[in-house]
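J.: Start from the sequences and build out the full structure, keeping to the hints where you can.
Residue numbers (the numbering used here), protein chains in the order written: chain A, 1 to 511; chain B, 1 to 237; chain C, 1 to 120.
Bear in mind the hints are in silico, worked out from the structure with no lab data behind them.
Please note that the accuracy of each hint is not assured.
[As the list claims (entries may be wrong)] Derived, one-sided and incomplete: chain A residues facing chain C with beta-carbon distance under 7 Å: (1) 61; (2) 120; (3) 124; (4) 127; (5) 139; (6) 143; (7) 146; (8) 150; (9) 153; (10) 154; (11) 168; (12) 172; (13) 487; (14) 488; (15) 494; (16) 496.
For glycine and all other residues, C-beta sits at the position ideal for the given N, C-alpha and C.
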Amino acid sequence: MIALLPLSHFLFAAASLAWKRGIRGLLLFSLLLDAALIGGLFMRFAHGETISLVLGGWGREMGVELADDRYSLVFCLLVLLLAGGAIAYLWQERLRPYFYMLLHLLFGSVFALLFARDLFNIYVIMELLTLTSFLLVAYERRAYQIWASLKYLLLASLGMGMYLFGVAIIYYHTGTLNLGLLASRLVAEQGTPWLLLASSLLVTGIAIKSGIFIFSLWLPAAHASASPAISALLSGLVIKMGVVVLLRLALVFPLSLPLEVLSVVTGLLGIVYAIYTYDLKKMLAFHTLSQIGYLILGIGIGSELEIIGSLEYAVGHGLFKGLLFLAAGAAVQATGQKDIPGLIIKRTQIPLAARVGLLVGTIGIMGIPPFAGFCGKTLLSNGTESPMMQTILLLLSVGTVISFAKLIPLFRFERGPSSPWSRTSAYVILGLPMVLFLPLTRLFLSIDMWKETFTTFHVLESLLVVGVGYLIYRILPKRPLPLPQRIFRLEEGILVILAGFFLVFLLFALG
Amino acid sequence: MRRSSRSMIIIAALFVFSFCTVLIITFDYRGAQEEAGAAYIENGVNDTGAANLVSAIYLNYRLYDTLFEILVFSVAVLGVHFYLVQQKGSAEEVTHIPESQIIRTSADLLFPPILLLGIYLVLFGHLSPGGGFSGGTAAGTGLLLCAVALGADVVAQRLHEAALERFEWGILLVILFLVLLPILFGRLPLTDLLPRGRLGNLLSGGSIPIYNALIGAKVFIGTWVVIYAFVRHRGEI
Amino acid sequence: MASINGVTIAILLFGIGLLGLILRRDLVVKLLSLGLVNGSAILCLVSLNARRNGVPPIVHSLAPAPYVDPLPQALVLSAIVINFAVLALALVFVMFLVERYHTTDSQRIEHEISREEEER
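T.: As structure tokens, this is what we get:
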């Protein structure tokens, strides 16, 4: 059954080209089909069954294995919601069949990646994902979009080249590409130089696509220049796929120290840039870089609570970042202004639904209870023992508030033009689960853990964070800080990636 | 302005040099797995019926990866088509540089063997080195030779664009259908249902020859589409 | 320890490709360097699993010699096709940019684009 999810999408991709008239119906139908399949998977999972199959009926060491587990299922949910939101947003726009085909391929490869358990399979799926998202970003063929996506393609290809090197080394020494078999064969080999090398290569390759600051320097340009629905999909979904792969690798390779350090680096650097960026979409993109820090931290620390926190935050972030990008895109389109000061001036031109969407998204991202951000952040900071990590998490939260406080003048309740129903429904699709997040987390935690995590103390703590952040925002000078912008160019970007490789290598050696 | 700044060159050289050194030093040649491919070598023939074990792997055991690879190829062809043909105003017609007698004669001589070689590679892909991808590419470049000799427009007239477009997704649909077919029989998708046949026969190897043929056709058409898109965009060959 | 063999050459090629990607400003050269980088990864994969007296893994009665491991070769097939696809698409985009800005210099294109950004 799980093989059907990606394969059906590929079928629909080809069919979209063939049957041009019913193309949107096809999209909707495929979404419903996915929902049905995922519902089936959930029910089997609730009964304790996980599926693990090898396509073609061969054994694990010969064929390609697909398996599901709770991580896959949680992300499947996110895919459904984001796909629904994006499809709703785009429903009334006229797009060529080529676009729909790329969308189908994107969703198909995302599903395939969620179930992949094989190193080379991951490579091939990642390449397909890179190509489809690269083509989607450049769909409107504006010069800055093409340049941003070209940079993305070059860096991602370079990363996959490094990943392939790593795969070669791993295969040479272990004779298998299957993650399950690798886990057992690598136990005896901890700390050997080739394992360090291979792990660093693999992690560097995936990190380029995961939105970790040092590696993913293409991200601000690419996500900011894409059209709104595509930005939402990229930031909310595709980036998470890199994180999912890191999660899978973390179960096989000793990734804790590198991931923890990288999470702190990306979190802090992303936030600093986000605070001082006044271009709305770029700020959201920098924010994504920083929020990935939360996710990687959870995976790096690796305890049960932490991983659940990461998952929750991933879903929540996908929702509110998707919502923010959609709403921001609508706002920018309506006013023609990219910068936040300009948007504030022209705020009466922004559709009301978009403004509400921005408001809900901002509340979520600030971590105000009881919305999505609060749940994830609290789980993450609860699960870790070290006070240093908790302080850093607090700092990140405060920074988030500071960077988003700029948007507050937008939210005065004034009239605005109405949006087409498709966009409003998109906002609702993404916003509603976000609002109802707290009760939904009950599905994943036992009742004790739930009560223990979401105490009044934490509620007060997050409100305090918001208050402090707002105060700091008022105090801070508004002059833009001279942050190095040169690193976002292609050449410097590659150098920074190499530096990151050395960093990862060192961290592996120390860990 | 044509050269990068001095500091950049030094830093880049330093980084890349240390990167390579780290790689070379930590590369350990000792732990090779001797029985790495043994499972494939022992069971390959019996399981798949193909003599070419590489074909057996990528068209049977790991067909899933090949599926993605086909999709990547299709996306590339469709992307090139979208950007160069559907959108950009390409040149009205392809100016044809008058061919020299040498090119014309050699094309006459070479094109049939090249096409034949492509077909051979595709058909015998499961028995000797070859397969869909190499066969399709060989035949596709044969078409390029034809275009150079006769003029791209002449070849393009024979291969109608609308038909090619339908062909593109048609083959993709057929491949996906084949892939999903075993579900109707209650098996997992991508399983090979056809009989294996005797080793060394042309009609052996289960569905491997079928996939080879489909992939060969797809790569053939795809290569031509890409080449022609570039030629038409440029306006001359 | 590290003799001159396929893998060392692959690593060196990777380095050369990286240098080309970083230092040369011409977009087409950057694409070639990218191809070189991916090609070196493929070379590594192939030469790592090669064997001295190995025979291609085609089973027939004339060659009972030790067969080379067929799996990396299958991987390489996919990698080559993917490499081709990436280069083709990147070339299309490079062509688009070059025609728009009449230069293949990446720095100038970057400069022009950021200038356009500010005007927007």
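J.: Are the hints correct? Go through all of them and say.
T.: The hints, checked one at a time:
no., hint, verdict
1, 61, "10 Å, violated"
2, 120, "6 Å, holds"
3, 124, "6 Å, holds"
4, 127, "5 Å, holds"
5, 139, "12 Å, violated"
6, 143, "6 Å, holds"
7, 146, "5 Å, holds"
8, 150, "5 Å, holds"
9, 153, "6 Å, holds"
10, 154, "6 Å, holds"
11, 168, "4 Å, holds"
12, 172, "5 Å, holds"
13, 487, "13 Å, violated"
14, 488, "10 Å, violated"
15, 494, "5 Å, holds"
16, 496, "11 Å, violated"
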